[in-house]
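Undergrad: Here are the chains, one letter per residue:
Number of protein chains: 2
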Amino acid sequence: MIAKKGKVSIIDVAKKAGVSPATVSRVLNKTARVSPELTKKVLIAVNELNYVPDPFAHGLKTKRTRSIGLIISDITNPFFPELARGVEDYVSSMGYSLILCNTDAKPENEKRYVELLLNKGIDGLMFTSLRIGEDVIKSLLNDEVPCVLVGRKPENIEGLVYVVTDNYKGGCIAGEYLLNLGHKRFVHISGPLDNSAGRERLAGFIDTLKKYKVKEENIIIIESDFTMEGGYKSAEETLNLKPLPTAIFFANDAMAIGALQKFWEEKIDIPEVFSIVGFDNIKVSSLVAPPLTTISQEIYKIGQLSAGEMIKIIEGEKGEPIILEPKLIERRSCRCLR
Amino acid sequence: MIAKKGKVSIIDVAKKAGVSPATVSRVLNKTARVSPELTKKVLIAVNELNYVPDPFAHGLKTKRTRSIGLIISDITNPFFPELARGVEDYVSSMGYSLILCNTDAKPENEKRYVELLLNKGIDGLMFTSLRIGEDVIKSLLNDEVPCVLVGRKPENIEGLVYVVTDNYKGGCIAGEYLLNLGHKRFVHISGPLDNSAGRERLAGFIDTLKKYKVKEENIIIIESDFTMEGGYKSAEETLNLKPLPTAIFFANDAMAIGALQKFWEEKIDIPEVFSIVGFDNIKVSSLVAPPLTTISQEIYKIGQLSAGEMIKIIEGEKGEPIILEPKLIERRSCRCLR
DNA sequence: CTGAAAGCGCTTACAG
DNA sequence: CTGAAAGCGCTTACAG
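For the protein sequence lines, the chains are U and V, in the order given.
Using our numbering, the letters of the first sequence correspond one by one to residues 208 to 545.
Using our numbering, the letters of the second sequence correspond one by one to residues 208 to 545.
Careful, some of the hints might be misleading.
Pairs involving identical chains hold if they fit within one copy or between any two copies, as the list cannot separate such chains.
[Said to hold, decoys possible] In silico lysine to aspartate or glutamate, EDC-like type, Cα no more than 20 Å apart, as pairs:
(1) Lys508 <-> Asp311
(2) Lys490 <-> Glu436
(3) Lys420 <-> Glu383
(4) Lys313 <-> Asp296
(5) Lys490 <-> Glu472
(6) Lys214 <-> Glu322
(7) Lys490 <-> Asp281
(8) Lys214 <-> Asp350
(9) Lys318 <-> Asp296
Just so you know, the hints here were simulated from the structure itself, not pulled from any lab data.
Every value quoted in this text rests on a predicted model; they were computed, and no experiment measured them.
Let the sequences and hints guide you as you build the complete structure.
TA: Quick look at the structure:
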């Protein structure tokens with residue numbers, strides 16, 4: 208019922224079909240024209256024998272495995288499951304499979320994984336961070352290893368394909384929304400600033416506030432790390448601020464959710480005391496109390512599109528960068544001050 | 208800096224070391240005794256040339272890939288990331304890699320994946336459900352494909368290694384806890400009952416209630432599906448019950464969290480109106496409002512242990528079933544009625 | 001303990 | 001369009 212590995216070989220098929228192994232290979236891989244009659248014979252034989260090409264022998268010649276590595280920091284951070292799901296669904300629909308690697312954002316792990324994957328003969332590598340170093344990525348690209356950067360924009364790497372949401376614009380939307388609600392004192396809990404996504408969300412937000420003449424002293428920035436724990440801590444810091452803000456923009460939902468927890472513990476009513484906006488629109492954001500107003504990225508779609516570019520590159524086409532639009536999702540974590 | 212695939216071959220190493228390729232192979236794979244002198248020469252040559260064996264050529268002979276498939280229903284369900292993380296960490300520490308497959312609990316997807324993985328020459332398969340059919344698993348086992356069942360106990364499959372929490376006992380603990388708090392009317396939102404984990408949690412809970420003479424009519428069971436959406440719906444059903452219960456035991460946290468959302472929308476105070484106990488102790492359970500009291504499983508550890516058994520089996524040792532103890536984690540979702 | 005050689009199951013120039 | 005044959009880079013009996 209389910210094929211056991213390595214039983215019938217291409218030679219068996221060739222015999223059954225009365226052709227040479229070369230011909231079988233050609234029809235199966237569509238690597239050369241074969242007459243309709245022979246093609247038919249081969250297909251029938253393949254079917255009858257339930258032939259499945261040996262992946263090793265195939266790979267030994269072609270150097271391809273039909274598997275792709277996805278390097279993330281931590282699948283336990285709720286942003287990544289949605290992303291990984293998008294990647295996996297697309298990839299598997301194309302007959303590829305996905306190897307998942309968690310690095311905890313440590314460059315040495317990232318490096319170790321890249322070597323492991325390369326040694327296994329992976330067909331392509333998908334990164335969600337650049338912590339491994341731009342030079343490494345460049346040398347990979349130089350060696351013609353297909354690479355895609357997911358969720359960030361590379362800054363100094365020519366020719367690296369990427370798929371992102373317009374993070375700067377997302378920051379702007381958050382700023383405008385809060386401004387419209389009548390807020391005057393703001394805190395931004397940022398992502399790590401060695402990361403372009405973190406920097407751009409910050410820049411969009413701050414630029415917008417300044418454009419509308421919010422004074423420097425009413426804009427506080429606290430750098431954090433995109434994790435729930437980081438958000439929890441930054442909430443503590445926020446509570447120590449001298450004039451408290453009325454609005455807080457978190458660079459992602461995970462941090463906002465961590466902060467919500469802290470506020471709940473301190474019995475601080477949201478949105479009465481603070482209006483809160485997140486970023487990402489991860490699944491749980493609608494399930495916390497109060498449901499989180501956030502700037503949405505289509506995470507699943509980013510995964511799918513990245514996978515699409517990846518496979519295009521692997522199969523010899525030219526990949527191209529994709530930029531998606533962020534969108535405001537209004538829920539219950541903000542209040543109007545006017 | 209990072210090895211490009213397939214540059215230097217075993218022959219290059221052999222030449223450099225002044226030995227035969229066979230000898231190189233033997234020292235690298237520790238597959239036969241080689242004299243210390245030659246061993247040393249080989250190791251030096253390997254190191255100098257930065258030799259990495261070609262995975263395809265190796266696999267062509269050995270039929271092993273050092274990769275393992277993990278079949279789950281949906282990585283987006285917060286139980287699975289923690290599990291997958293445990294598996295991945297262990298597996299990668301042993302030089303293996305993890306291929307992740309989401310089936311959405313659909314038998315046809317599960318089957319498709321198993322075939323895909325087998326055709327790729329995977330070394331072993333880890334299942335989190337038996338939806339593919341016990342006969343399929345049996346035939347896999349029969350073909351000597353290493354298999355491990357994670358988080359459930361197989362019922363009719365001789366020789367299938369598994370790693371689980373004692374689900375029955377977990378149900379008992381939930382029952383006793385709620386009883387001690389003075390509750391008298393109970394609802395159980397169960398997992399799917401075609402699944403032993405769902406059935407056992409239910410059985411432990413119900414048996415305990417009966418043991419303490421709770422009357423039939425005060426025990427309502429609503430079958431659900433382990434998802435947040437399912438939990439949300441079951442909360443609606445619960446609200447339609449004629450005498451409302453005072454305590455609800457959810458067969459997992461994801462459902463409890465979905466239900467919490469519904470109660471929040473309806474402005475029903477938890478734990479004032481209902482006392483709620485979950486199962487699993489997933490990460491977000493401590494972050495919802497109120498933080499969820501739950502029966503904890505060591506999910507990450509289950510992942511690691513399962514991976515350990517998997518690799519033992521792959522490497523020719525005998526795997527053995529492991530049963531872990533559940534534990535009550537008291538947070539803020541229950542109140543005492545006495 | 002060590003090496004020469006066959007073979008794993010494919011793919012792909014090379015002829016025809 | 002088709003086939004015979006070499007070769008991908010290893011491993012493993014088989015001799016010695």
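Undergrad: The structure should be examined with respect to each hint, and the outcome stated for every one.
TA: Tested hints:
Taking the closest pair of Cα atoms, lysine 508 and aspartate 311 come within 20 Å of each other only across two copies (18 Å); inside a single copy the shortest separation is 23 Å, beyond that limit. Proximity of lysine 490 to glutamate 436 under the C-alpha cut-off of 20 Å is found in both arrangements, the shortest distances being 18 Å within a copy and 11 Å between copies. Proximity of lysine 420 and glutamate 383 under a CA criterion of 20 Å is satisfied intra-copy only: 12 Å inside one chain copy versus 61 Å between copies. Taking the shortest Cα distances, lysine 313 and aspartate 296 sit within 20 Å of each other only across copies (14 Å), while inside one copy they are farther apart (27 Å).
In the homo-oligomer, the alpha carbons of lysine 490 and glutamate 472 lie at most 20 Å apart only across protomers (17 Å), although the nearest pairing inside one protomer, at 23 Å, exceeds that limit. Proximity of lysine 214 and glutamate 322 under a CA criterion of 20 Å is satisfied inter-copy only: 14 Å between copies versus 32 Å inside one chain copy. In this assembly of identical chains, lysine 490 and aspartate 281 lie within 20 Å of each other by CA distance both inside one copy and across copies; the values are 16 Å within and 13 Å between. Proximity of lysine 214 and aspartate 350 under a CA criterion of 20 Å is satisfied inter-copy only: 12 Å between copies versus 36 Å inside one chain copy.
Taking CA atoms no more than 20 Å apart as the test, lysine 318 paired with aspartate 296 passes between copies only; the shortest distance there is 15 Å, against 26 Å inside one copy.
When each numbered hint is compared with the structure, no violation occurs for any of them.
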